[in-house]
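Following the hints, position chains B and C against chain A.
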Amino acid sequence: MSEPLLAFFYFFILVTAFVAVFLEDLLSSFIALSVTGVLMATVFALLRAPDVALTQAIINSGLVTSLLLVAYSQTRRTPLPSEECPECPFWLQWPSAALVCTLFAVFLFRGLYSLACVRELGSAPAHFLANTLEETGALNVVAAILLDYRAFDTLGETTVIFTAVSGISLLLAGGRYVHSGRGLSFVVKRGMALLTPFILLYAASILFLGHLTPGGGFQGGSVFATVAILICVVYGTSFEAARISPKTKETLESGGALLFIVVGLSGAAWGTGFLANLSGPFLPGTPGSLFSGGNMLLLNLAVGLKVGAGLSSIFYAMIKILELEGDSWQS
Amino acid sequence: MIPVLRFLGGICIFAGVFFSFAAVVAILRFPDVYTRLHGGTKALSGGAVLILLGALPYAGGYPGAIKLLLIAVFFLISNPMASHAIARACHRRSLAERALERKRGERG
Amino acid sequence: MILLALWGMVISGMLGFVRVVIGPSAADRLVAADALSVIFTMVLVLLSLYIETPFLLDVALAFSMLSFADMLLMAKYFEHGELYK
Numbered sequence: 279m280s281e282p283l284l285a286f287f288y289f290f291i292l293v294t295a296f297v298a299v300f301l302e303d304l305l306s307s308f309i310a311l312s313v314t315g316v317l318m319a320t321v322f323a324l325l326r327a328p329d330v331a332l333t334q335a336i337i338n339s340g341l342v343t344s345l346l347l348v349a350y351s352q353t354r355r356t357p358l359p360s361e362e363c364p365e366c367p368f369w370l371q372w373p374s375a376a377l378v379c380t381l382f383a384v385f386l387f388r389g390l391y392s393l394a395c396v397r398e399l400g401s402a403p404a405h406f407l408a409n410t411l412e413e414t415g416a417l418n419v420v421a422a423i424l425l426d427y428r429a430f431d432t433l434g435e436t437t438v439i440f441t442a443v444s445g446i447s448l449l450l451a452g453g454r455y456v457h458s459g460r461g462l463s464f465v466v467k468r469g470m471a472l473l474t475p476f477i478l479l480y481a482a483s484i485l486f487l488g489h490l491t492p493g494g495g496f497q498g499g500s501v502f503a504t505v506a507i508l509i510c511v512v513y514g515t516s517f518e519a520a521r522i523s524p525k526t527k528e529t530l531e532s533g534g535a536l537l538f539i540v541v542g543l544s545g546a547a548w549g550t551g552f553l554a555n556l557s558g559p560f561l562p563g564t565p566g567s568l569f570s571g572g573n574m575l576l577l578n579l580a581v582g583l584k585v586g587a588g589l590s591s592i593f594y595a596m597i598k599i600l601e602l603e604g605d606s607w608q609s
Numbered sequence: 379m380i381p382v383l384r385f386l387g388g389i390c391i392f393a394g395v396f397f398s399f400a401a402v403v404a405i406l407r408f409p410d411v412y413t414r415l416h417g418g419t420k421a422l423s424g425g426a427v428l429i430l431l432g433a434l435p436y437a438g439g440y441p442g443a444i445k446l447l448l449i450a451v452f453f454l455i456s457n458p459m460a461s462h463a464i465a466r467a468c469h470r471r472s473l474a475e476r477a478l479e480r481k482r483g484e485r486g
Numbered sequence: 026m027i028l029l030a031l032w033g034m035v036i037s038g039m040l041g042f043v044r045v046v047i048g049p050s051a052a053d054r055l056v057a058a059d060a061l062s063v064i065f066t067m068v069l070v071l072l073s074l075y076i077e078t079p080f081l082l083d084v085a086l087a088f089s090m091l092s093f094a095d096m097l098l099m100a101k102y103f104e105h106g107e108l109y110k
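Protein chains in written order, with my numbering: chain A, 279 to 609; chain B, 379 to 486; chain C, 26 to 110.
Hints in this document: simulated from the structure, not taken from any laboratory. All values reported here derive from a predicted model rather than from experimental measurement. All residues carry an ideal CB built from backbone N, CA and C; glycine is no exception. Just to be clear, a hint being listed does not mean it is correct.
Stated by the list, open to error - Facing chain A, according to a computed beta carbon distance under 8 angstroms, are these residues of chain B, among others:
1. I455
2. S456
3. M459
4. H462
5. A463
6. R466
With the rest of the complex left out, here is chain A:
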């Protein structure tokens, strides 16, 4: 790992974030923010964390951009003349931003200095790195920690996503969908028809091989959600609603949550404990094959179903046209 390259990337990230805050148009800030996300994925890759780099690349490019654009397109662009927006005075903006950037730079470069020295692992990381293959049967240590050693935290995260989807669907329940079939041009439509099966196949491989290669349920589910959003964007809502109705998405999401809990309860029924893996009714298998790692395949599938269906449900709830009483809504 080359330290000057990492230091240059840190400096580049700080400059990009600084520019994203101070561009005058909000749309240009979104573009600069996506560049920041790209740079962060590269820094994670340089620090030899492929799981985190994959998650950052997928979430930043596919989902953050689409949700920010949908939120931006549904809001009023100029304030009403009767309201006043108190703003931070100009002489305070630049120095405070420079101060925050300098604080972050201090922490980042101290981290860079301590990465360059030789350091020893603590007791818990050393135990995980040494014993994961015997205790869980999976090759990917990150997936083993997420789905075996700390599987209850993963259940909490999926509950958080479930709550978010329920809250957004409840808040935006009074709107109607605009059925439109325009989409993008013919070239893009035919090109997407050629590419979509391969993107879906790659997303399934990220999902199902999560215990062997970097990836897992969350990353695979996010790529599925991005493909659903992309089909809506390229072909229009009437095409997408005819293929994958909102009812199907609800069923898939609830099915994912139910699968996770059933797998956990089967470990409890065996007598060992909730979400027990190899000490429960699951077999380790040969390390390196698809059916290995005990219940990690089922848990990956459950998390992937829930995340994919949940995130695309959020997108579909947000593109509704809200009809409010006595208000001229600019759509």
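Relative to the frame of chain A, chains B and C by itself:
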């Protein structure tokens, strides 16, 4: 055999880096959105494919080489499609014409 | 030698970012962001050769797919003003 292939791969990688640099120069120096898009996309597609082909001797075995070829094929199909979408959006909304008019109006 | 190529691509990326800062309209910034995402995909590929970690090629493939999706989303927003038309 292997050092010769690695040397040729190194030449391809440096040619690819040169083309990417040329694409960035095009994005910086050309006067209009359409010309910047044209110069950037064409040079960058060629440069990226050259880098990926030059990386083949360094990949170390068949799985890595197949992944590199997959990235190259996906890239050749998708990057021109994205540029087409951007150019059509700019043309439909006349974004470049408004910026040029603003510049001409400022100069008087 | 791959380190030299890496530095070359990163310097190109820095110069491309100048267009994101200057560009008078949002379309210029979008063109520069498109080029930057391609350049950093290539940086990821060269990094996987430099560090000798074959898993980063998976990250590069996923990132090329999703930056393509990102550009289509922004182009749709520029053309229609809404994402669902």
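Hint check results:
1. I455: holds, 6 angstroms
2. S456: At 7 angstroms from the nearest chain A Cβ, S456/B passes the 8 angstroms test, so the hint holds.
3. M459: holds, 4 angstroms
4. H462: Holds. Min distance 6 angstroms.
5. A463: holds, 5 angstroms
6. R466: holds, 6 angstroms
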